[in-house]
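The residues making up each chain are set out below.
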Amino acid sequence: MKVSFLYGLRLKMTTIFFSILFSISSSLSLSDTVNILGLFPFSGPYADSGKLTDQGARIALEEVNYTINGKKIKYVTRDSETKAGPAARRAQEAIDTEGVKFIIGPWSSGVALAVTEVAKKNKVMYYFSGGTEDISGKKCHKYAFMWAANAWTAMDADLKIFKKANPNAKKIYLFVVDYAFGWTLQKYVESLAPKYGLEVVGVDRHPLGHREYSTFITKAMSKNPDAVYMINFGLDAISAVRQLNNFGFTPKKPVIMSWSSGFEELIQLDPAARENLIVGSNYYYTIDNPDNKKFVEAYKKKFKGVPPGYAGAAGYGLMKMTLLGMQKSGSTEPQKVITALEEHKGKNFVGDFEIRGRNHQTVRPFFVLQTKKKNDMKNEYDMAEVVDVSSTEQPKNINMCEDIGSF
Amino acid sequence: MTFLIISQILNGLGLGMLYALVGVGLTLILGVLNIPNFAHGVLYALGAYFAYTIAKITGSFYFAMFLSPLLVVLVGFILESQGVRRLYHAHHDYQLLFLFACALIIQEIIIIFWGPIGFSLLAPPSLSGAIDLGFLIYPKYRLVLICFAFFMIICLYLFLTKTNLGAILRAGIENRDMVKVLGINVNMVFLYTFGLGAYLAGLAGALSAPIMGLTPSMGLDILPICFVVVVVAGLGSIPGAIIAGILIGLSQGAATIWFPEATNVVIYVMMGLTIIFRPQGLFGVR
Numbered sequence: 004m005k006v007s008f009l010y011g012l013r014l015k016m017t018t019i020f021f022s023i024l025f026s027i028s029s030s031l032s033l034s035d036t037v038n039i040l041g042l043f044p045f046s047g048p049y050a051d052s053g054k055l056t057d058q059g060a061r062i063a064l065e066e067v068n069y070t071i072n073g074k075k076i077k078y079v080t081r082d083s084e085t086k087a088g089p090a091a092r093r094a095q096e097a098i099d100t101e102g103v104k105f106i107i108g109p110w111s112s113g114v115a116l117a118v119t120e121v122a123k124k125n126k127v128m129y130y131f132s133g134g135t136e137d138i139s140g141k142k143c144h145k146y147a148f149m150w151a152a153n154a155w156t157a158m159d160a161d162l163k164i165f166k167k168a169n170p171n172a173k174k175i176y177l178f179v180v181d182y183a184f185g186w187t188l189q190k191y192v193e194s195l196a197p198k199y200g201l202e203v204v205g206v207d208r209h210p211l212g213h214r215e216y217s218t219f220i221t222k223a224m225s226k227n228p229d230a231v232y233m234i235n236f237g238l239d240a241i242s243a244v245r246q247l248n249n250f251g252f253t254p255k256k257p258v259i260m261s262w263s264s265g266f267e268e269l270i271q272l273d274p275a276a277r278e279n280l281i282v283g284s285n286y287y288y289t290i291d292n293p294d295n296k297k298f299v300e301a302y303k304k305k306f307k308g309v310p311p312g313y314a315g316a317a318g319y320g321l322m323k324m325t326l327l328g329m330q331k332s333g334s335t336e337p338q339k340v341i342t343a344l345e346e347h348k349g350k351n352f353v354g355d356f357e358i359r360g361r362n363h364q365t366v367r368p369f370f371v372l373q374t375k376k377k378n379d380m381k382n383e384y385d386m387a388e389v390v391d392v393s394s395t396e397q398p399k400n401i402n403m404c405e406d407i408g409s410f
Numbered sequence: 008m009t010f011l012i013i014s015q016i017l018n019g020l021g022l023g024m025l026y027a028l029v030g031v032g033l034t035l036i037l038g039v040l041n042i043p044n045f046a047h048g049v050l051y052a053l054g055a056y057f058a059y060t061i062a063k064i065t066g067s068f069y070f071a072m073f074l075s076p077l078l079v080v081l082v083g084f085i086l087e088s089q090g091v092r093r094l095y096h097a098h099h100d101y102q103l104l105f106l107f108a109c110a111l112i113i114q115e116i117i118i119i120f121w122g123p124i125g126f127s128l129l130a131p132p133s134l135s136g137a138i139d140l141g142f143l144i145y146p147k148y149r150l151v152l153i154c155f156a157f158f159m160i161i162c163l164y165l166f167l168t169k170t171n172l173g174a175i176l177r178a179g180i181e182n183r184d185m186v187k188v189l190g191i192n193v194n195m196v197f198l199y200t201f202g203l204g205a206y207l208a209g210l211a212g213a214l215s216a217p218i219m220g221l222t223p224s225m226g227l228d229i230l231p232i233c234f235v236v237v238v239v240a241g242l243g244s245i246p247g248a249i250i251a252g253i254l255i256g257l258s259q260g261a262a263t264i265w266f267p268e269a270t271n272v273v274i275y276v277m278m279g280l281t282i283i284f285r286p287q288g289l290f291g292v293r
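Residue numbers (our numbering), protein chains in the order written: chain U, 4 to 410; chain B, 8 to 293.
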């Protein structure tokens, strides 16, 4: 009986000792590291983009040797699957089990709107790049930032540069993907077109994932527009461009890809099919500054000489901005990092870069490209040239972020 | 408006002919083997990818169109002889799971070999560009596609109605047990049927490549449309599949004129209406 009592006591003491040791080591290790989550689509329809975005983020981490402010960076990834439910669940799981304090990604607007709520609830900083303007609009909050140019800025740039290149153009016809982001861009194009002397002579909304555009093209051609203005993305846009070329619309008349990934989309088209395209994008690898050249070289080393597109650049840019916030604040606490980034002004690999504190929207260059003819290409990746850059800010009165709130 | 309607009929025909080719292949396999071939979509994708590779290696678009469906037939033979055949006596679920797994595996193989990013396959210069029909400028390749697909459907019809093998295939759809009783090697009938279905899927994939381009997911994109064709046509009805394919293409063209947002939904509306008002399909008997 006595032996058993002593044995039990020793067991309890040992357990308490190891528990204390474990909690000390855990807290020490937590304070020594900063955990960042890369939430990207590694499966599902955007699986190819997920890998590229992740690689971009890793290049930014390699530049600082996975350390910041004397702490080690633990970079963890989760698969968003391009589905709001799984992405939000995995973000929450990473916060709970990995102690994640910063999230970058994912790739789809619909998924981002779910993840931004998780970030807000858990007081975790969230950096997104993509289409939806709601992150810095009606769903804005103190913990979320938008890396891409504002949708209004992008549409204004596309129209301005199209008109500059085609001064006699008067009529445009819109192909619009039928979901919230498409409608938003359509609204902006319809309101901005008269400013540039353009009339929208027809609008066709098509379902997401549509691959056959012959019926839309013949309808558009019956209105004899000076250009088809496409508000669709990825494979939808690629299919439409290819078929517009089949119908002989291009290269006679231009097609505008208003919000494009740039490199990733153009590479899928044959040079003949991509002639006379005007392409609006948040990134193109030929941006002429030393920071971008350094990034492009690092990226090419990893991908056998293939330059980065928007996906890789977005991953790099999101991670760079998160790290910049940490450097500026000298902290890895989300609230201090956020405060340091608000009203940031500086230059980075895409050019001049400012963050508005009132809505956490970036004011930055949006690039408009003109595709090259096959004979003008110096190599297989020399598909387009940046013809203009615009960073005209969205007017305050149409931004839907009324109050970004507090921590 | 009249010109617009005529042009949409032309577009609908072009689309419908492609749907008919893929749909007939699926309905043949379903009718004779009594298996819904979930791998039919990836056979369509393989047709396109084989055509792309052959055209790139040989430089001949026409040779690619000829050879690629035959390579898909080989894949079809392997699937049937090494997999499906072993499951004829198993529960239906096993056949479905096997074919679904094959679809996923083949799609991943496409990604491994050709990469996740899509490609374009250009029609040869003689078929490139558009032709002015007076009321409409229309791509030459699409016009040729309509004529060629129509020719292939006529050939298929003649094969099924005028040859012994065609008669056996049709008999297999009507009554499999009777074919067995007549002493016909049913395994060979099943193999040829699967091969013919694969050929039609591969051919449709190759023909569609210059229009739709190539992406690893193209097989999964076309699969639901194939099943709609089969349901609207009636299970196992070959003429039905041809007419249903064309009807679906035409209805998509019509939807674009009046309700463009519904161009994808309209095919499922057609399927729903068929199930409600004529559950056996437009031409089905069972």
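Accuracy of the hints is not assured; some may be wrong.
As the list claims (entries may be wrong) - One side of the interface only, derived from the structure: several residues of chain B facing chain U at Cβ under 7 Å: (1) Ser133; (2) Leu134; (3) Pro267.
Said to hold, decoys possible - Covered stretches of chain U, as calculated for chain B (at least 3 residues, CB under 8 Å): (4) 57-64; (5) 86-99; (6) 117-130; (7) 211-223.
In short, the hints are calculated from the structure, not lab data. C-beta: ideal position from N, C-alpha, C; glycine also.
Each hint tested on the structure:
Interface restraint check: serine 133(B) against chain U, minimum CB-CB distance 14 Å, threshold 7 Å, status violated. This hint is violated: leucine 134(B) has a C-beta 10 Å from the nearest C-beta of chain U, more than the 7 Å allowed. Interface restraint check: proline 267(B) against chain U, minimum CB-CB distance 4 Å, threshold 7 Å, status holds. For the segment 57-64 of chain U, the proposed coverage by chain B is not satisfied: 0 residues have a C-beta within less than 8 Å of a C-beta in that chain, short of the threshold of three.
Residues of the segment 86-99 of chain U lying with their CB closer than 8 Å to a CB of chain B number 0, which falls below the three-residue condition for coverage. Under a criterion of three residues with beta carbons nearer than 8 Å to beta carbons of chain B, the stated coverage of the segment 117-130 of chain U fails, only 0 such residues being counted. As drawn, the segment 211-223 of chain U meets chain B at 9 residues by the rule of a beta-carbon pair under 8 Å; at three or more, the given contact holds.
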